[in-house]
Amino acid sequence: MVIKRVTKAIPYILLLLIATPFLTMYIGFFLRAFGERMVLGVIPERWGVNNFRFLWQPIAWGLEKTTMWAALGNTMLFATVSGFIVTVICMLAGYALSRIEFRGKTFFLVLQLILHAVPGQILLIAIFFLLLYIKLLHQIPGVALARAALEIPLGIWMAKGFFDGIPWDVERAAMIDGCTRFQVWYKIFLPLVKPGIAAVFIWGFLFAWHDFIYVYTLLPGTIKLMATLIQSLLATEVVDYGYLAAMSLVYSLPPLILFIFLQRALLKVPIFGGKGAV
Amino acid sequence: MAGEAGQSRPPLSMRKILGNRRISLSIFIGPSVGLVFLFYFIPVILTFLIAFTDMDRTLTWRFTGFDNFSRLLGIGVRDPIIPRVLLNTIIYTLGALPVTIIGGLFIAILSMRVRAGVGLFFRTVFFIPRAIPPVVYGFLWAWAFEGTRYGLFNAIRAALGLPIVQWLIHYPMVVVILANGLLGISMAMLVFSSAIATIPQELTRAAEVDGASATQIARYIILPLLKWPILTMTAWHLMSFLNSYVYIMLITGGGPYYATEVWSLYAYHVAFTQYRYGYGASLTALLVVVNVILLLLVLRAFGMQRMLARGKIEV
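Keeping their order, the protein sequence lines are chains A and B.
For the first sequence, the working numbering gives the first residue as 1, with consecutive numbering after it.
For the second sequence, the working numbering gives the first residue as 279, with consecutive numbering after it.
Note that these hints are calculated values from the structure, not bench results.
By construction, the Cβ of each residue, glycine as well, lies at the ideal position given by its N, Cα and C atoms.
The reader is advised that the hints may include incorrect statements.
Dumping the calculated DSS-like pairs for lysine-lysine here, alpha-carbon to alpha-carbon at most 30 angstroms [claimed, not checked]:
| hint | chain 1 | residue 1 | chain 2 | residue 2 |
| --- | --- | --- | --- | --- |
| 1 | A | Lys8 | B | Lys505 |
| 2 | B | Lys505 | A | Lys105 |
| 3 | A | Lys105 | A | Lys194 |
Which chain B residues face chain A? A few, computed with CB under 7 angstroms, are given here [to be verified]:
| hint | residue |
| --- | --- |
| 4 | Phe306 |
| 5 | Pro309 |
| 6 | Ser310 |
| 7 | Ile320 |
| 8 | Ala549 |
Looking at chain B on its own, in the form it has when it is part of the complex:
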C-alpha cells in the first residue's frame, strides 16, 4: 500500500502543499503579519525596555528602574526643559488642529461652489504640500520666512520699503503651526470636498429654491451632513500633530532656544543628538501610552464596525 502510493505519486507534492488551506493562507498573510510584528510590535516593546535603562552611545543595557520616568515627571532630579516642551506641544496641537479643520472646511465648501475647473485648480494648489517631499516643503518655509532680505517675504517687504521681520525668531510657533496646518488642510480639504460631492443635489437645490443664501446652505445643510468626516479628520489630525516632528525639525529645528520643541521632537533630540537613548525612549514610551489612550477613546466613540462600514454620509 505504502509502496504503491509512493509509486503512483509523491506523498507531498508542491501542489498539495500549496493546496492546503492553512499553508496557502500563511503564504498570503504571513509576510504582512511578520513585518507588522517586526516593525510595530517589537519596537513598542523595545521602547518600553530601553525606557528603563540609561542607554547611551556605548549601547550597553543597564537597567535603572524608574529613573527616567521620575526625571521627566519632575520627581527628584528634574528635567528643566519638560514644562516648556509640554506647553509647546499643547499650543502646537491646539493651534494646528483648528487651522486644519476650519481651513479645510472653508476651502472645500468654497471650491465646490466655484466653477469645476477653478475649484480643481485651488484644490491642486492646496494639495501641493502633500505632493512634494518634506525636505523641500521645509526648505520652502524656512526660505520664505528667513530673517534676512534673502528670504522671500522679507525680500517682498524690502521691495515695498518695509522693515525686515525676523519671523523665525519672533513668531516661530506661528510659522510652524501654519506650515503643519497647511499640510493638514491638504488632506482635510480633499476628504471634505469629496464628502460634499456625495450630498444629493436635491437637498441644496430645494434650499436654493426656497431662497436660502449660500451661507445658510453651508451652515444648515452641508455642515450637519459633514459631521462624520469632521469628527474623523479631527481625531486623525489630533494624533498626527501630537506625533509629528519632522516638519518642525526641518523648519526651525525646535528653536530658537526650545521655542518650538514639541514632545516628539524633544524625544528625537534627546536620543539622536544627545545620545541619551534611554531617556529618549522613556519620552517616547509616554507618548505611546497617550496614543493608545486616544485610540481607545476614538474607537469607543466611532465603533469598530462603523470604521469598516462604507457609506459615511448619513442622509
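In isolation and in its complexed conformation, chain A is listed as follows:
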C-alpha cells in the first residue's frame, strides 16, 4: 500500500523538480515588479507600485524622452495593422483552398507549410533592402506588412480549417440562387466563421505585438515600440530591474489575455492540433 502511494507520487515530484527553477524565475519576476526593496535578494521588504511609475512619468533613454503610452500606442498600431492584413489575406485564401478546386492547390498548401518551417527572420537583410526600395522602410505600416507576411502561411491553414467546418449545402443553395463566389464568401461565409476571423486576427496581432527583431532592425531608433523600449532600457549602464520587470508585465499582459481567448481556437489548427504536428 505504501509502495503504491510512493509510486503514485513520483510523477508529481518529478514534475515539481523540473519546474522549480522556472517557477522561481517567474515568481521572482512578479515579486521584483511589485516589491520596493528586496530582502535576501528575492523577498520584497514592502509592496508598492513605485516600479510602475512609467505609467504616469516620462521615460528617459539617452538624451531623449518618451512615455510608455507612446510606445504602447505604436505597438498597438503595429500589431493591429499586421493582424488586419493577416486576417484579410488568410480569410480570402482560406476560402478558396477549402472550396474551389484549382491546379496547384496541393502544392500551394504544402508550400505554406514549408514557408512556415523557414523562419523569415533569416531573410532580414534582404527584407531591409526590399522595404528600402519599395519605400516602406522606417515606417510602421510598411514594417507591419513585412511582419504580416511571416504569419500568412500558418494563418492560411487556420482559415482553411474554419471554412472546412461549414457544410456544403449552405453555399450550394446560395449558388443555385445566383450568388457569385465572392458574394457567397462575403454574405454567407464571413458571418459564419466569425470565431475563425477572430482567431486569425488574434494570431496575427499576437505575433506582431511580440515581435522584436523586425521593429528593432527595420524601424528607426526614434520610433519606439514596447519591445524596443524595454530592450534599450536594458542596454543602459544602470539597469533598474524592478522598473523593467513592471514594464515587461504591462507589455506581456494583453497577449496573455488574448491567449486565453485563442486557446480553444488554436486547438483546431492542424499544425498545433491534437494529431501530432507537422
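Given chain A's structure and the hints, the job is docking chain B onto it.
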C-alpha cells in the same frame, strides 16, 4: 444586335466580373500569392544577389564575384571568426535539440500521468516561454543569470551564503541552450501530450492489467506510438535552432567575445552592426542553402502527401 445587348444590360457588369471563375479565384488567392512572392521569393533572390556585392552603408551595388564566399570558406583572405561561429552553431543546435525532445517527452508523459488539473497546471507553466514576448523572455533569463547579486539566482545564492557565479561569462552557452531548449519544450510538450491523448485507452489499460509498470508502458507502448510526432518535432526544431538568433541576441548578444555567436546571429551582426551587408548576405545565402537541403531531406523522408494527411498516430 450589338445595340440591343447594350440596351438590355451593360456588357461587363460587376456581377459578371466577379462571377468569372478565373477572376474570382485570383481575388481569393492573389493577395496571398503576391505577399508570399514579395516577402519570401524576392528576398531569397535579393539575398543571393547582395551576396555577390560588397554592399556597405553607402548602399551601392558593386559586384565582387565570389569574394565574400571565398572569405567565409577560408580561401585567400579568411575570416578568423568563422571556425568559432561554426563550432558554436553545432554545439548550440546539438545541445538544444535533445533538451527539447527529451524534455518535451518527459514532461508530456509525466503530465498525462498525474491528475488532469495538475497536468494542465504544469503544461501551462511550461508554455509560458511561448506566451510572453521574446524581449521579456530574454530579459527574464538575462536577469536570472546576471553575474552580480542583483541577478535572481545569485541573490538566492548570496542569501544562502554561497559565492556569486558569473553565469553569463563562464557558462554562456549552457544558459543559451537551456533558454532556447525550454522554448522548444513548450511546443514539443504540447504536441506530444496531445498525441498521447489520442492513444486508445484500451492499450494502456490492457498493459496495466497485465502488470506492466509505468516505465514499461511509457517505453513499450507510448514511445513507439509517438514515432511520428517525435520525428516531426526533431526535424522542425533542427531547422528552428539552426535559424534562431533573436533569443541569443537578447540574452548574451553573442558574447562574451563570440562565445555564443551562432551562424545566423553572426550574419545579423555583420550586416546590421558592422554594415557589411554584402558579406552578411553571403552568410545568409549559405544558411538558406543548408535550409533547402534539410527541407528536401525532410520532405523525402516524410513524403508530401503524408504531410497533408490528418491522422498521424498509427495504431
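| Taking 30 angstroms as the top limit, are the C-alpha atoms of A/Lys105 and A/Lys194 close enough? | Given that 30 angstroms is the threshold and the Cα spacing comes to 25 angstroms, the pair holds.
| field | Hint validity - B/Ala549 Cβ closer than 7 angstroms to any chain A Cβ | value | holds (5 angstroms)
| query | Does the interface hint hold: is B/Ser310 within less than 7 angstroms of chain A, judged Cβ to Cβ? | reply | Holds, about 4 angstroms.
| task | Mind checking the CB of B/Ile320 against every CB in chain A and telling me if the closest is under 7 angstroms? | result | holds (6 angstroms)
| query | Per the CB criterion, is B/Phe306 less than 7 angstroms away from chain A? | reply | With a closest approach of 4 angstroms, the B/Phe306 hint holds.
| said: Is the interface hint satisfied for B/Pro309? The criterion is a beta-carbon contact with chain A at less than 7 angstroms. | reply: holds (5 angstroms)
| said: Between the alpha carbons of B/Lys505 and A/Lys105, is the straight-line distance 30 angstroms or under? | reply: holds (29 angstroms)
| field | Satisfaction of hint between B/Lys505 and A/Lys8, Cα-Cα up to 30 angstroms | value | Holds: A/Lys8 and B/Lys505 sit about 27 angstroms apart, inside 30 angstroms.
In this structure, every one of the numbered hints holds.
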